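J.: The lines below spell out each chain.
Protein chains: 2
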Amino acid sequence: KDAKAPPSAKELFRAAMTNVLERRLFFIPSFKIYGSVAGFYDFGPPGCAIKQNVTQLWRQHFILEESMLEVECPAVTPEAVLKASGHVDRFTDFMVTDMKTGECHRADHLLKAALEALLEDPKAGLTPEKKTEAEDVLARIDELDSIGLGTALTRYGVKTPDTKNDISAPFPFNLMFRTSIGPKGDAVGYLRPETAQGIFVNFKDLLYYNGGKLPFAAAQIGQSYRNEISPRAGLLRVREFTQAEIEHFVNPDDKDHPKFESIQQLKPLLFSQELQTNETKQPEAMSLGDAVTNKIIANQTLAYFIGRTYLFLVGIGISPKRLRFRQHLPNEMAHYAADCWDAEVECSYGWVECVGLADRSAYDLRAHSDASNQALEAYEKFPEPRFAQVLVAKPEKAKIGKLYKKEGKPLLEKLDNLSQEDAACMKKSFGEGKPATVSAGGRDFEVTPDLLDIQEKEEKLNGRKFTPSVIEPSFGIGRIIYCMFEHAYYTRQNNEDKSVFRFKAAVAPLKAAVFPLVQQPEMNSTARSISAALTRAGLANTVDTTGTTIGKRYARTDELGVPYDITVDRASIDGDGSVTLRERDSTSQVRVHKEKVAAVVQQLVSGELTWQNVLDTFPAQQPAAEEEA
Amino acid sequence: KDAKAPPSAKELFRAAMTNVLERRLFFIPSFKIYGSVAGFYDFGPPGCAIKQNVTQLWRQHFILEESMLEVECPAVTPEAVLKASGHVDRFTDFMVTDMKTGECHRADHLLKAALEALLEDPKAGLTPEKKTEAEDVLARIDELDSIGLGTALTRYGVKTPDTKNDISAPFPFNLMFRTSIGPKGDAVGYLRPETAQGIFVNFKDLLYYNGGKLPFAAAQIGQSYRNEISPRAGLLRVREFTQAEIEHFVNPDDKDHPKFESIQQLKPLLFSQELQTNETKQPEAMSLGDAVTNKIIANQTLAYFIGRTYLFLVGIGISPKRLRFRQHLPNEMAHYAADCWDAEVECSYGWVECVGLADRSAYDLRAHSDASNQALEAYEKFPEPRFAQVLVAKPEKAKIGKLYKKEGKPLLEKLDNLSQEDAACMKKSFGEGKPATVSAGGRDFEVTPDLLDIQEKEEKLNGRKFTPSVIEPSFGIGRIIYCMFEHAYYTRQNNEDKSVFRFKAAVAPLKAAVFPLVQQPEMNSTARSISAALTRAGLANTVDTTGTTIGKRYARTDELGVPYDITVDRASIDGDGSVTLRERDSTSQVRVHKEKVAAVVQQLVSGELTWQNVLDTFPAQQPAAEEEA
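Just so you know, the sequences run in chain order V and G.
Heads up: the first sequence is residues 3 to 631, going by my numbering.
Heads up: the second sequence is residues 3 to 631, going by my numbering.
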């Protein structure tokens, strides 16, 4: 982007909001007195309270209401786990370095910025062909490998943005933080790049805990770590962040969901593969029931989680009009994935992925089963016994022992517990006169027909073992909170300097603030009693006895998104014992007795009462002109 | 310890309890399918729920009730922060290696085990002098440095326990997990060994947030990491754990606490320095008011937190008789600490430190102020202006500039903002004809009188700047939970195979379980309605429709510490619509109407009702003999 271009409306909005967020300590760049480190943020007091509220709401909405099995696993993870999951080999971004300064940059980010600048520059004088070509590269940037990126960077003559120096060819950089476990320094560990793996490695125990029955879901809320090459975009791309992930394990032959009916009428904006590639390129509101019937969403369970995610996000304050579920295009989707959708939220940075919802089939359990040599399977009992052609595989133990000695042990275990699928695959290889390759105990074995006899037999089957499919909704809590900030922020119509966050009461860092109108012992003590009653009711609150003008105190709490302000005045002490109760967004006020006001606020926060109910019940109080000026 | 000795009663108790904890997935050795890694545990579903409950209760008890400022900082921390805090240089344990295998051991652990074995061995034939000597070394093990440890290990001929090989001399091993931040690999980072530093580096912002006023407290709950040399002792010594830390910042001249009165009558067991060194060596129950009056506890604020800690621990189920507050002996205490007490809980491993409560004076803020070159001070306005002799320090800018060039800049900044204390100290040095050493910008400078003029003047002071003292209560959540497990575990008097956890309802992983007596659609659906009503009331619960005998289902929930079981039987469907409600510890039952039972359980969990109230109100149900057999 041209540095001299005036900031857009979106950028001005973001700058104004970020100013409030930083000034009121919603978040703080970490280690500030030491000059900070890119990609790390602290949550300050109001941010921390909001994060607590959001994760507790998530826990209630998903874990408690769906009886999920919650686990908490360490962030430090030994290499074997992340080797099996593919992260050690493939969790990389392409990096280029400045040939003079050695500074590191993400190759795709540089290319993207260069192409955007080129396309926006009226002086570039691009021919229509060149323009189409540049647009095409820009659209496909995520598909490029290191060679493709390198070619494009050279073709467009991309330099380092700040220094204008030449850049290196792109090379992969693994994004995991590496450490070593134990005193000897030889046990490599990483900080987990996602919380999901902790669930997969516990699958066996969790299935047992669930009485051996499918479907069931496990969930984890915790920190994940990605050593981003050059993090920017504030709270959206950070190196340490909170994830909330669900792994819903299900029989691959039956992905219906018992509670599907409860969400099938919901109509979120869906941005299917088809809608993304047709002419209009616009998402459409569509009922989830129709989306499954018309095979736009692959199955009920995935659609159920899309529906529950929609309810959660809208429930905490994401605007439904700025929330869409975008299906991955075929080229974005991993080869094993059955279907993937991202919940994307519109904010000043554009549409931001906040939740990923993927049917990952049996990929993860298979990968860990292969690497750990442990069966990670479920058992399904058939209602009636079935007769079927099955493959019976008999390993030649003596020959294998002779050939591989001690190392053959994991191979034997594997061959003794061969799945039908694997047996079929090996039989096919043998039929083609080729040996089969079997991974066991961390190495590959070549297995020839003389080592393994595979016969087809008819068998009476009372049930079957199978590897469950997993449907994974994965939430980035920090991104969701950031987008929620943007959707909640506004300035008063009559006064642009007055910032407000219209947080839902359940999310707001404080539910109420109590103000003695002037600094006076009786008013202070009444304020403290009201505060204590609010605390007893479990409502976070504050008392502001500074004696600043009440208008300034209202403005301060508006900036924190506090939904209700209570002011103790003369009448509270000498008159009818009432206090004023003010609602943040309407700024309207009523008078409520001081003994009752905590209960009224509690009912407002819990949703038992609306503000309209309160306006209808209690006498209105006209705010003094200067209070809301 | 002699491997052949029969297990003690404590060890049997621990083995029985651990069996239940692992079987019911309260916790799981992490990465089990890959063979686990010492010092890492997962919390499984019930453990996770308990941990959630304990941290939420902590947050309510400390953060909300005291209006503390909660923050959340990253675990990945740049080196500068932990250099300043002293962890890079001094956060070490002494290690020895097996001279043949290279295996690593903690030097103090080997020495302790060897001395204990020696003292217990009847065949060792120790003379009284040798015995006293060995006992003396054992008692002072924590005071030994590497040379002292090495001498003792040699003197007692200590070998590696398993291999009996020789061991190396002890050397310090830093317990922090090391990593690097960013793609270049040159920015060293560590996983934080405690959460406290995140609060100290934010002190300036937090003080501002609090309107510049002292005292205030900030708190953080989060993961900390210690790369233990050879972790044993199960959940007590782990490499990744949850801490909850409070930093209460206070004027060093006024450590009274406004709410001290609310706890001064409490009488926890106090184990003061005096009681530890007198003849009986027993702690005594003493009111906190007396302890402060008699200067046993240094100040009201420290005593206030001891009281609040006592209430918290007892509130979640720690037995008050097995909880003591032990004062650090002079040789345990850091030179800067004004007073330190540990909350120790007795369990099968002995007395375990679960909470540290320390008055750390101004140490931490000073260390970060020196290293970051930022003033971390508060300002106190005097009620009346004071006239005082003050030291005015005038740096000779030109000379300093000439001498140190650019590097002199941080020195100048420092000298311009010299505290009275530092100025006095430097004046003293100059008076003795010695130069003073000043740390600034990460290096030491020698300052001579010609570079800095220090004059005493009378000045009118409206207030003063000072570095606040910090009082730090630091909780190890995992250790507290483990001790709580031990205090809650018992087996039924009539049946040692029946394990029960007598968790407090607020801590219990599930508040209720609902059982249809037999597998029958109407009973199942009634059970589900009751479960839904419990969920709406925010009570975690489960439905067990397995149709196993009701006695077995009771036993299963007893093992999870579920306080209330609800059974739907014939009468619930065809009779008076009542269900049975059973209390875990008494195993007594009443009949309550199915529409009311969720509300009754809610009142029991919140404490509005006791079980005795329920027994007095509702008709008793005699359990069938086999149910509690």
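It is worth saying that the hints were derived from the structure and are not from the lab.
Since the structure is predicted, the reported quantities are computational estimates derived from the model, not experimental observations.
Hints should not be assumed to be uniformly reliable.
A pair holds if it fits inside one copy or across any two, identical chains being indistinguishable in the list.
[Stated by the list, open to error] Below, simulated PhoX-like cross-link-like pairs (lysine-lysine); rule was C-alpha separation at most 25 angstroms, straight line:
#, residue 1, residue 2
1, K161, K408
2, K85, K186
3, K404, K429
4, K261, K596
5, K102, K283
6, K102, K467
7, K396, K554
8, K215, K34
9, K404, K85
10, K186, K114
11, K206, K554
12, K411, K34
13, K396, K429
14, K125, K554
15, K506, K430
16, K269, K283
17, K500, K462
18, K459, K166
19, K215, K554
20, K261, K215
21, K85, K34
22, K383, K462
23, K132, K554
24, K166, K462
25, K215, K407
26, K407, K506
J.: Evaluate K261 and K596 at a C-alpha cut-off of 25 angstroms and name the case that applies: within, between, both or neither.
T.: between (45 angstroms within a copy, 24 angstroms between copies)
J.: Can you tell me if K132 and K554 fall within 25 angstroms by alpha carbon in one copy, between copies, both or neither?
T.: neither (57 angstroms within a copy, 75 angstroms between copies)
J.: Is it within a copy, between copies, both, or neither that the alpha carbon of K404 lies no farther than 25 angstroms from that of K85?
T.: neither (30 angstroms within a copy, 57 angstroms between copies)
J.: Please sort K396 with K429 into within, between, both or neither, judging by C-alpha distance up to 25 angstroms.
T.: within (12 angstroms within a copy, 90 angstroms between copies)
J.: Is it within a copy, between copies, both, or neither that the alpha carbon of K411 lies no farther than 25 angstroms from that of K34?
T.: The answer is between: 19 angstroms across copies meets 25 angstroms, while 55 angstroms in one copy does not.
J.: At 25 angstroms max between alpha carbons, let me know whether K396 reaches K554 within a copy, between copies, both or neither.
T.: neither (82 angstroms within a copy, 41 angstroms between copies)
J.: How would you label the pair K459, K166 (within, between, both, or neither) given a Cα cut-off of 25 angstroms?
T.: Answer is neither: 70 angstroms inside a copy and 57 angstroms across each miss the 25 angstroms cutoff.
J.: One pair to classify: K500 and K462, alpha carbons no more than 25 angstroms apart. Within, between, both, or neither?
T.: neither (75 angstroms within a copy, 40 angstroms between copies)
J.: Could you place K215 and K34 in one of the four classes (within, between, both, neither) given a Cα distance threshold of 25 angstroms?
T.: between (50 angstroms within a copy, 21 angstroms between copies)
J.: From the Cα coordinates, with 25 angstroms as the cut-off, is the pair K215 and K407 best called within, between, both, or neither?
T.: Neither, since 38 angstroms and 74 angstroms both go past 25 angstroms.
J.: Are the CA atoms of K102 and K283 at most 25 angstroms apart within a copy, between copies, both, or neither?
T.: neither (43 angstroms within a copy, 69 angstroms between copies)
J.: Quick one: K161 to K408, C-alpha cut-off 25 angstroms, is that within a copy, between copies, both, or neither?
T.: neither (55 angstroms within a copy, 32 angstroms between copies)
Violated hints, listed in ascending order, are 1, 5, 6, 7, 9, 14, 15, 17, 18, 23, 24, 25, 26; each of the other numbered hints is respected by the structure.
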